[in-house]
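Chemist: Chain by chain, the residues:
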Amino acid sequence: MNREFSHEGRKTLDAPGPVMINNGVVTINAANMHYRDLNLLLKTHSNLAKRINIYNVYGQRYIGTGLRNNVEIHVYGTPGNDLAAFMDGPTIYVHGNAQDGVGNTMNSGKVVVYGCAGDVVGYAMRGGRIFIRDDAGYRVGIHMKEYGEQKPVIVIGGTAQDFLGEYMAGGILVVLGLTLSHGETHKAKFVGTGMHGGIIYIRGQVTHVGKEAKITELEENDVALLKPIIEEFCSYFNFNIDEVLAGEFKKIVPLSTRPYGKLYT
Amino acid sequence: MKSYIEPEFIVKRDYEKCVKCKVCINECTYGVHYYDDKNDIIRSRDENCVNCHRCVVFCPTKAITIEKNPTQYTENSHWTREVITSIKRQAETGGAILTGMGCDKPYYTYWDKILLNASQVTNPSIDPLREPIELRTYLGAKPDKLELELENGEVLLKTKLAPQLCAEVPILFAAVSYGAVNFNVHLALARAAAELGTFMNCGEGGLDKRLYRYGDHIIVQVASGRFGVNPEYLNVGAAIEIKIGQGAKPGIGGHLPGEKVTQEIAQIRMIPVGTDALSPAPHHDIYSIEDLRQLIYALKEATDYTKPVAVKIAAVHNSAAIASGIARAGADIIVLDGVRGATGAAPKVIRDNVGIPIELALASVDQRLRDEGIRNRVSIIVSGGIRSSADVVKAIALGADAVYIGTAALVAIGCTLCQKCYTGKCPWGITTTDPQISKRLDPDVAAKRLINLVRAWSIEIKEMLGAMGINAIESLRGNREQLRGVGLTDTELKILGIKMAGE
Ligand code: SF4
Ligand code: SF4
Chain W
1 MNREFSHEGR KTLDAPGPVM INNGVVTINA ANMHYRDLNL LLKTHSNLAK
51 RINIYNVYGQ RYIGTGLRNN VEIHVYGTPG NDLAAFMDGP TIYVHGNAQD
101 GVGNTMNSGK VVVYGCAGDV VGYAMRGGRI FIRDDAGYRV GIHMKEYGEQ
151 KPVIVIGGTA QDFLGEYMAG GILVVLGLTL SHGETHKAKF VGTGMHGGII
201 YIRGQVTHVG KEAKITELEE NDVALLKPII EEFCSYFNFN IDEVLAGEFK
251 KIVPLSTRPY GKLYT
Chain L
1 MKSYIEPEFI VKRDYEKCVK CKVCINECTY GVHYYDDKND IIRSRDENCV
51 NCHRCVVFCP TKAITIEKNP TQYTENSHWT REVITSIKRQ AETGGAILTG
101 MGCDKPYYTY WDKILLNASQ VTNPSIDPLR EPIELRTYLG AKPDKLELEL
151 ENGEVLLKTK LAPQLCAEVP ILFAAVSYGA VNFNVHLALA RAAAELGTFM
201 NCGEGGLDKR LYRYGDHIIV QVASGRFGVN PEYLNVGAAI EIKIGQGAKP
251 GIGGHLPGEK VTQEIAQIRM IPVGTDALSP APHHDIYSIE DLRQLIYALK
301 EATDYTKPVA VKIAAVHNSA AIASGIARAG ADIIVLDGVR GATGAAPKVI
351 RDNVGIPIEL ALASVDQRLR DEGIRNRVSI IVSGGIRSSA DVVKAIALGA
401 DAVYIGTAAL VAIGCTLCQK CYTGKCPWGI TTTDPQISKR LDPDVAAKRL
451 INLVRAWSIE IKEMLGAMGI NAIESLRGNR EQLRGVGLTD TELKILGIKM
501 AGE
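Chains W and L are the protein sequences, given in the same order. Each residue of the first sequence is one higher than the one before, counting from 1 in the working numbering. Each residue of the second sequence is one higher than the one before, counting from 1 in the working numbering.
Note that these hints are calculated values from the structure, not bench results. Do not take every clue at face value.
Below 25 Å or equal to it, Euclidean Cα-Cα: the simulated DMTMM-like pairs (lysine to aspartate or glutamate) are [claimed, not checked]:
1. W:K262 x L:E6
2. W:K262 x L:E168
3. L:K142 x L:E168
4. W:K151 x L:E168
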């Protein structure tokens, strides 16, 4: 549906200094800034600011890593690896592409990427939500967990690569295939390998599922679970919810909660 | 299928002593003892016995002895009973054999071939009863040089020091995860560590919130499964340890059998109840030293650079090169775990055949870091079969900053090394999460036993240091001149970097 990258990420800022504060909105010019300085600024300002805009982001790692509050952060440019790692609360909008390790072991909060993401999105994610508008790389959602109310959600608007949901122990992983052309199948192999909890929903055809998982049809409660998640996804990226829901969905679940129980004596 | 496996142990009961109190029946978690009411007698099912000695210790009249089954296969030094039994078991189940604790094979224990020096005449020894001997140890990166500043006649330290762990003794409690052991064990370790001024490592299964108050004495671990890892957990600990590998099972991941995953464990690990907790072999975001650096700094970012970050690896053939990479990746502490390192569950073939002795790994890592001029950038903690204060002293003289004790700590609180931890039925209430069996481990008593052990070792370490004429453990570190080898080849002496006794 939309393979074009947003150009908004290219927006630059000609700020006199690195930080400007205006009405609870903090604006940071990250050009030539080391990630350590950038993150120190984020930590210093995020407890009071309503919103933080970071311009000229050129691969700085760890943006939002370990932040524990409810600030809203807008990243313009390309954030580096481990965006929102161990994050607990904030909402990050990336106006551009993200790299590897988005939401690594994230605890709560939200990441919305107006573009693509790299490998291992949401590794061992424990809570919160990640929405990637376009495609993502390998091992998305590996080792996602859940307990009780704490249930992480990842939605990939496009497609993802091999080992999607590997070792998944909980949470909901949705891949919508919106970047695939008509009739094109998802290329991901070994989907759900070692999976022992959680659910993967895939819109479109997936051909290669790990031996610890199985493909099944959606039931009524699946639709109820899925609809609000897709609604939220569409609300960020202006997709038509009816068109998205009209696609054919499959569900991938673990065959057993003890996939390797029989290997040992 | 009829099993061809014969009982490994025979339970003998002295019926003259037995008063039929049934204590043994209640104490045994494997259902060995039972009451035969028709004949009014206590009997045993030998085939269930794992030789844990719980009944032996608790029988009020000391009526029980356990013996190795005297019925042996025809003597054969190649096809031992263990080999034959393993083959039969695998033929019957088709599974890889699981075991617990560390490698029990008679590979060299180099500690026993290394002897310590003592002062005679020329360099007088120090009497630890009269003179203070310092055991305090700082763990963390040390600067390349110190810059001092003179201000108003006062000397001030200008260099900004990296965060350090300050341990009153160079002995820390090794990682045992919540799930592998129960809450009472963690509580006992945490209390003992706090009382002793040292640290316990909580392992890879998260930390119960009730233990947060001991956080200043807890090293929190981050392993590939990332169980229980959240920002609160990272910040509550005194240091963070990234677990890449462990000596009991180098190169393979963690495996907490589903039997031990109770509601409590499932909640903290965030996995379904009764499922196997799987920590994959690699961290799936670490495929290189650069990736390791990325995680080290992610953790430093998440904790504002206030805590040392350790990286734990199993001692393997190229440990020295890896350790150099770890130091350069920004770790503050390297943990080396040798082939004797223990575990709650590992495939036996891995436990007994993979990895190298900690003594050789330590000597080569320390030497390599010295040769490269980066030894000060990291502290080294070694673990894997440290059994006594003598092992501690020898390890430090070989180049370690401190040691972790795991097996020795568990032995102190009851473990008899039966190696059946993976069943989740540890009769000593240690490696079990069954609420009933866990009650056997009284955290107060266990903490006391741990404190006693470390205090006793501290006295002995001071005695040994005093005998060498050394009054601070710092002066022993890497002081290989204090060590001599016996019964070792030239190559072994060369790797250990020590001289032959008599030289
Ligand atoms: S504990 Fe000792 S005395 Fe009591 S029933 Fe067992 S063997 Fe007999
Ligand atoms: S911890 Fe328990 S089960 Fe494991 S070896 Fe020790 S006594 Fe046996």
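Chemist: Each hint should be assessed against the structure and marked as holding or not.
Modeler: Here is how each hint holds up against the structure:
1. W:K262 x L:E6: Holds, at roughly 23 Å.
2. W:K262 x L:E168: Violated: W:K262 and L:E168 sit about 46 Å apart, past 25 Å.
3. L:K142 x L:E168: Distance ~18 Å between L:K142 and L:E168 Cα, so the pair holds.
4. W:K151 x L:E168: violated, 42 Å
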